[in-house]
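Asker: Starting from the known structure of chain A, fit chain E onto it as the hints suggest.
Chain by chain, the residues:
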Amino acid sequence: MLNVFYSCIKSDLKTLQRKRADWVYPIVFFLVFISLFGIGLGFDNQRLIAASPAIIWITFLFITLSTIDNLFRREQEEGTLSQLVLSPYPLWWLLLAKSVVFWLVACLPLILLTPVFGIIMQLSSQATAALFLSLLVGSPALALLGVVGATLTSAMPRSGVFLALLLLPLYVPILILGESVVVELQSAQSVHFQLALLGAISVFALIGAPHAAAGALRAALDD
Amino acid sequence: MTLAIKNLSHTKGNKALFRHIHFDIKPGQRVLVQGANGAGKSTLLKIVAGLLSSDKGHITYQGHPLHSELAQYFNHMSYLGHQNSLKKSLTPLENLKEQLCLANSTVTDFQINAVLETLGLTTQKHQLCETLSAGECRKVALAGVMLKNKPLWILDEPFNSLDKDSYHKLQAICQQHLGHGGMILLSCHMGSHHYEGCHVVQL
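For the protein sequence lines, the chains are A and E, in the order given.
When we follow the working numbering, the leftmost residue of the first sequence carries the number 1, and every step to the right adds one.
When we follow the working numbering, the leftmost residue of the second sequence carries the number 1001, and every step to the right adds one.
Just chain A, same shape as in the assembly:
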């Protein structure tokens, strides 16, 4: 069981190492997009500093969503998804491996870049740390829900907008909690509650999402 998990992750990472455009462009896009807000609103503007956690979180949502959709669509085109279904191993386990890869590729680089955004947006070091922490705790839920959405829409061609419509409402609680971590910490209040809730959503997604994705993928192939 563990062997196949590692093997899936290893070969997916090898694929992505050779297809750098798939994950490097979203990172560059993230940098440019957020800098545009700074240029548009003026970097020394108090409003920008107040709005920047929300800006970063929302951009993060969109970019992870579109990256996961892209990666999934390629697998669909190459026909490797049916190999997963035809494996004697449980499908949810294999999709959990995929989710780990998607998190490593679509979320982790952006999270590691948050200190850079902190500097661009002139956030205090405390706010940057809060942003980093909230993204780290909340992003597994984003990636896992993204995989459920991508499997659900995998039978539809060009489903990008539909996928966003489907998933963004589910992302709202995560967004609210993630942002409130930053806001509360800026006003020097305890954020244990928000982080715990965000972590709970991630754990819940970790347990439920792979099973939901497995069901969705079986149904999508059985059209």
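These aren't lab readings, by the way, just hints derived from the structure by calculation.
No false leads were slipped in.
Here are the simulated lysine to aspartate or glutamate pairs, DMTMM-like style, with alpha carbons at most 25 Å apart: (1) E:Lys1148 x A:Glu75; (2) E:Lys1088 x A:Glu77; (3) E:Lys1015 x E:Asp1055; (4) E:Lys1015 x A:Asp222; (5) A:Lys19 x E:Glu1130; (6) E:Lys1012 x A:Asp222.
Predicted model only: the values in this text are computed from it and were never measured.
Answerer: Same frame as chain A, now just chain E:
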């Protein structure tokens, strides 16, 4: 070890693809599915492979209904569809290793190399699959089916885009598989004179 298909019917939209299909596959037997384009050959193979569910009818493997023991069935079956299911940015060797791991087959590097050599893919085994021709990719996919070493093979037009030499080699490999008590269900529209004496399902 018998695969039995009883009274299978399937409709797509309003169109009935096939009705009341009956056949058995026993060890050492090969069944050929024939029919015009759009007759539902691929759909039938996908249903038997457990990828689609049929509207009516039963499929049993070793006496058990297919959907009750799907994981067990997948342990005994390898399916190759129209698509080769290869990752373009991996080499044939990497692709095969991943597929074999997914299929729960333990195969040594020596065996993989031997099969690749039989199919004339030795020089291509370290090239990325996106640089290979359609025929070469097909051969890599077929090598995967052989190496998985499952008793039942379900092959959808397996010999598309192969040259004559590889075609004959693969026919010989199929015969060998049948000789070892394997079962093959395949669809094909050309070269039916190679399948004399095998059961034909006409859609």
